[in-house]
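Chains A and B, in that order, give the protein sequences. Just so we're aligned: the first sequence equals residues 1 to 284 in the working numbering. Just so we're aligned: the second sequence equals residues 1 to 360 in the working numbering.
None of these hints come from the bench; they were simulated from the model. Check the hints yourself; a few may be wrong.
Stretches of chain B that chain A covers, calculated by requiring three or more beta carbons in the stretch to come under 8 Å of a beta carbon on chain A [to be verified]:
no., stretch
1, 80-87
2, 98-108
Here are the simulated DMTMM-like pairs of lysine to aspartate or glutamate, each with C-alpha atoms no more than 25 Å apart in a straight line [unchecked claim]:
no., chain 1, residue 1, chain 2, residue 2
3, A, 175, B, 94
4, B, 308, B, 336
5, B, 170, B, 116
6, B, 122, B, 175
7, A, 232, A, 55
8, B, 28, B, 159
9, A, 175, B, 336
10, B, 276, B, 220
11, B, 303, B, 282
12, B, 219, B, 360
13, B, 170, B, 313
14, B, 101, A, 55
15, B, 182, B, 159
16, B, 351, B, 236
17, B, 122, B, 94
18, B, 104, A, 182
19, A, 175, A, 39
20, A, 175, B, 14
21, B, 28, B, 202
22, B, 103, A, 182
23, A, 175, B, 236
24, B, 28, B, 195
25, B, 101, A, 182
26, B, 303, B, 236
These numbers were taken from a predicted model, which means no experiment stands behind them. All residues carry an ideal CB built from backbone N, CA and C; glycine is no exception.
Residue strings, one per chain:
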Amino acid sequence: MNERQGFKFFAVFINMAWFALFVLVPGLMVVGISFLTRDMGSFFAWPPTLVHYKELVDPVYAKVLGNSLVYSLNTTLLCLGIGYPFAWFLSRAPAYRRPLLLMMVIIPFWTSSLIRTYALVILLKANGIINAVLMGSGIVSEPVSMLYTDVAVYVGLVYSLLPFMILPLYAVLEKMDLRLVEAARDLGANGLQVFVHVVLPLSLPGIMAGCIMVFLPAMGLFYIPDLLGGAKTMLVGNFIKNQFLTTSNWPFGSAASVFLLLLMVLMLGIYFLLSNRFNRNQTL
Amino acid sequence: MAVVRLQNISKSFDRQMVINNLCLDIVKGEFLTLLGPSGCGKTTVLRLIAGLETCDSGTILINGRDQTRMPACDRDVNTVFQSYALFPHMNVFDNIAFGLKLKKIAGTRIRDRVKEALELVKLEGLETRPIHQLSGGQQQRVAIARAIVNRPLILLLDEPLSALDYKLRKQMRLDLRHLHRKLGITFVFVTHDQEEALTLSDRVVVMHNGCIQQTGTPKDIYETPVNLFVADFVGESNIFDAQVTRTLDKDMEIQIQGITKMVQNRRNFTKGQTVKILLRPEDMTVERTRHQCPPGFLPGQVKEMIYKGTTVDLLIRLDSGHDIFATEFFNEDDQDIFYDVNERVCVSWIKGWEVTLPHE
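Just chain A, with the same shape it has in the complex:
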């Protein structure tokens, strides 16, 4: 084994070991615990059981899951609606201005998203900044209640996840051959027709990637519904958190985690299947 191969082995080994220790092992532990019995003293205990998975099928929890899906879906659609035009203008901005605009999308990432969520609380609360401005300018006479509403939850989710939609969309739109747009115009397509028949289908990989990257995290972001929704809306993320931290039902929380994980794997699988087919049809 020469020096280069040695380094390669070392680099790969470190990575593998890291993932094994901090991702694979805890993951397997979650899967293992989900099959064990609840125990008040030591969180979980022998004997193995399937009871937690059976419990999950209960209509109460199905409703939690349905709720989460609706929130995630709406968040994804909102992000798509806001992110697509933004990504389009970003990709069409003069080349020298694009790095700055991209930085403005990325900079918020440098602060913890929990802190940014608290910042939203300050903006939205009854005696917060937005209400102060609205009342100061005489538009409203009483504070508008924004915090602890669905709107606040959506504001938080969209705000946190929007960059994950913009970046993959920007990547495909920036690469798109504008001559195709010209060709479509030349063949008689107006603005809307160019978008529907050329731009939209060609940006489909970016749309799919962006939706996956927003939808999946939205299912698990428990602190945003907690802080902005006032813990009124129970989502899968909150539900799992509660099982571990409030009701100390680790096996049940684990079963819910495994279920969520499988759901995400399923969606990612569909995504890869679709994008493979799309790529085969398109590129050389």
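Could you slot chain B onto chain A? The hints should help.
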């Protein structure tokens, strides 16, 4: 009647003048070529006609109507793009049918017309082929089919052959001429390749720095260029400075490279005037010599001989130090056109074959 009339068109990009007060009439049904070096504005003229650019000033009349501000999608003009710009997410049929579907033509009619267009470009049966499975030549043909299927008033072609290899390019040239005759559509073709321009066109427009230099038949352009740019850009030329020493009747005597020679006086040059004499390499006569050159011949030495199959190109250094090119053809009378390097020769031309331009 002019199918397209460009009146005093000007266009700038970033304060850089690309088209400068250009006027051009395009005759219905003709094959017109815009010829010029890259950056001369020829593609911009094409894009202005297509409506993909808007001009800063001037008017564009298409079929007699002012369409200066009309968007591209409403003009009865279609373009074959240099990069083909085929839609990668559609197959051959959907690419070609794109324009027809937008016009809401019935499905069966679309099928017939796509089939007909594919026959015209000799790609029968490739309807369901995805674009990325086509060769460059086939993509080119799909791009042409996608444009002509709409039966536009004018077909614009932006250097469509530049990405093809030599053999294919020659084939496509023939096919384009054939297509032009068959369809009767006005073709406006942009190229920087003078051979393409001369072989394809009814009329050639030579452009330079956003201005038209000369408009004429390929023969006009090649044989009687109006200025040095055209002479130099279209074909090769040997260019000499000369001085008129005597004028008589339709001829004049000039002093050129140290000798005197009679040439035709087509532009009423007067005694003492400085002129440029342009000679095509194939118009040069080359004679071997061991002694002095006869009167009217320029003495020189062969520096390079390039064998080209049907011709032999000679680089000759005249005794005055001027390098010229001469092309010799193989023919029955004169089998021996091979020269040795450094062989002494005398060079001349037949009176009247020269092009005389005023000194610029």
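The hints, checked one at a time:
Coverage of a stretch by a chain is defined here by at least three residues with a beta carbon nearer than 8 Å to that chain's beta carbons; for the stretch 80-87 of chain B and chain A the count is 5, and the condition holds. Check result for the stretch 98-108 of chain B against chain A: holds, 4 residues qualifying (beta carbon to beta carbon below 8 Å, three or more required). Of the pairs offered as hints, the one joining residue 175(A) and residue 94(B) holds, with about 23 Å between alpha carbons and a cut-off of 25 Å not exceeded. For the suggested pair residue 308(B) and residue 336(B), the alpha carbons sit about 15 Å apart, so the restraint of at most 25 Å is met.
About 24 Å separates the Cα atoms of residue 170(B) and residue 116(B), which keeps this hinted pair within 25 Å; it holds. At most 25 Å may separate the alpha-carbon atoms for a hinted pair to count; residue 122(B) and residue 175(B) meet this at roughly 10 Å. Of the pairs offered as hints, the one joining residue 232(A) and residue 55(A) holds, with about 22 Å between alpha carbons and a cut-off of 25 Å not exceeded. Of the supplied pair hints, the one linking residue 28(B) and residue 159(B) holds, its CA atoms being roughly 21 Å apart against a limit of 25 Å.
At roughly 59 Å between alpha-carbon atoms, residue 175(A) and residue 336(B) are farther apart than 25 Å, so this suggested pair is violated. Distance hint between residue 276(B) and residue 220(B) is fulfilled; the C-alpha atoms sit about 18 Å from each other, no more than 25 Å. Proposed proximity of residue 303(B) and residue 282(B) is supported: the alpha carbons are some 17 Å apart, at most 25 Å. Between residue 219(B) and residue 360(B), the direct Cα distance comes to roughly 24 Å. Compliance with the 25 Å bound is thereby established for this hinted pair.
This hinted pair checks out: residue 170(B) and residue 313(B) have alpha carbons roughly 23 Å apart, not beyond 25 Å. A C-alpha spacing of about 55 Å is found between residue 101(B) and residue 55(A), which places the hinted pair above 25 Å, so the restraint is violated. For the hint pairing residue 182(B) with residue 159(B), the CA-to-CA distance comes to about 21 Å; that is within 25 Å, so the pair holds. Note on residue 351(B) and residue 236(B): the hinted pairing holds, with a Cα-Cα distance of about 19 Å set against a maximum of 25 Å.
A threshold of 25 Å between alpha carbons decides the hint, and for residue 122(B) with residue 94(B) the separation of about 17 Å falls inside it, so the pair holds. For the given pair, residue 104(B) sits about 20 Å from residue 182(A) by alpha-carbon distance, which is consistent with the 25 Å threshold. Straight-line distance between C-alpha atoms of residue 175(A) and residue 39(A) comes to about 55 Å, which puts the hinted pair past the 25 Å bound. At roughly 24 Å between alpha-carbon atoms, residue 175(A) and residue 14(B) fall within 25 Å of each other, so this suggested pair holds.
The straight-line distance between the Cα atoms of residue 28(B) and residue 202(B) is roughly 12 Å, inside the 25 Å bound, and the hint therefore holds. Using a Cα cut-off of 25 Å, the hinted pair residue 103(B) and residue 182(A) holds, with the two alpha carbons roughly 17 Å apart. At roughly 42 Å between alpha-carbon atoms, residue 175(A) and residue 236(B) are farther apart than 25 Å, so this suggested pair is violated. About 24 Å separates the Cα atoms of residue 28(B) and residue 195(B), which keeps this hinted pair within 25 Å; it holds.
Using a Cα cut-off of 25 Å, the hinted pair residue 101(B) and residue 182(A) holds, with the two alpha carbons roughly 17 Å apart. Distance hint between residue 303(B) and residue 236(B) is fulfilled; the C-alpha atoms sit about 18 Å from each other, no more than 25 Å.
Hint compliance for this structure: hints 9, 14, 19 and 23 are broken, all remaining hints hold.
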